[in-house]
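Student: Chains A and B, in that order, are what the protein sequence lines are. Note that this note's numbering has the first sequence beginning at 8, numbered continuously upward. Note that this note's numbering has the second sequence beginning at 8, numbered continuously upward.
All the given hints hold, so there is nothing to weed out.
For identical chains, the list gives no copy identity; a pair is met inside one copy or between any two copies.
Below, a list of computed lysine-lysine pairs in the DSS-like style, where the Cα atoms sit at most 25 Å apart:
1) Lys187 with Lys166
2) Lys193 with Lys166
3) Lys164 with Lys187
4) Lys193 with Lys106
Hints were generated in silico from the structure; no laboratory data involved.
2 protein chains.
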Amino acid sequence: MGKVLMGSSPLLYPTPTVLVGANVDGKPNFMAVAWCGIVNSEPAMISVAIQHHRYTHKGITQNLTFSVNIPSIEMVKETDYCGIISGHKVDKVEVCQFKVFYGKLDNAPLIEQCPVNLECKVMQMLNLGSHSLFVGRIEESHISESCFTDGNPDVDKIKPLTFIVGPSRQYRALGEVVAKAFSIGKELEVGDNR
Amino acid sequence: MGKVLMGSSPLLYPTPTVLVGANVDGKPNFMAVAWCGIVNSEPAMISVAIQHHRYTHKGITQNLTFSVNIPSIEMVKETDYCGIISGHKVDKVEVCQFKVFYGKLDNAPLIEQCPVNLECKVMQMLNLGSHSLFVGRIEESHISESCFTDGNPDVDKIKPLTFIVGPSRQYRALGEVVAKAFSIGKELEVGDNR
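Sequences are here, hints too, so could you generate the full structure?
Tutor: What follows is the structure in structure tokens.
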């Protein structure tokens, strides 16, 4: 099987789609971000990569807090809008009719309509070139009551979006369950390898 | 709509599923990682979060290189195996029958069967608590010839896995296209906001 070389390209498939929130000059603003990932478990931390000139970048550096809000597929239009338009120009909260609330931190704005909200305090900030990488400690997590099944968050009720990089640039839903993790691999175990 | 507080939890939905490769004491080893994300575009960089005691962690710190290999859904059993078993105990390359090759870097092992391979050079390493966050510059990207359509990588041929956190711990396929990105949001634009 041959390979085609694509140079130095950020080809990760898929990435999540989140709305990163920050108060900018005291007012809530949100931007769509695909370059987001969990980076630590004890304590729980998440990173978001944001270009230096972004309005949200200004807000995060003002407060050293931010939020990660996971939109459901029903919010795809508002989510995409928050990736196209700058908060310099419009009040995205008003256009998107987001209901904003605050949790444990008093300056990390959260979107009620998003099924998952994470409040984050900046622990590290790396200037990597085009982007700043903000590493945030997750101070509190909020999940919509309607997204639980048997006492646990249910991804089929959360209905998150994935983002696909490349010329097609799509938002995709989750598909079928392929396998149970930390389970199907045991079929390959030979003898007492664990 | 009420919210349930879940404390400090790493609740990002979904995350990608990749096989991170490193040579450990000169031999290729791979582990399954969901905590991986793009962190910069110019130059292209990716991060992987790995617990300090992991065998792969040892290899990355030995060479200051690593690879990110994206398995397709057909490789779910081998992928999960690489998340269950430590390279301390078994030769995962042999058990999984991975065909290993090297690219631009001579010590970041790549898996031929994976449709996407990224060769990375460590630029930053953060000790965040339970995990080290390795930030790697993507030196070269390899895509299987069979995964192109009209000259571009096609995610429907790559068929990546997502990982869903929580008690259900699932690998999921990608689902339907919900919308075109940087496009559907324009329907919300009012006047000359761009």
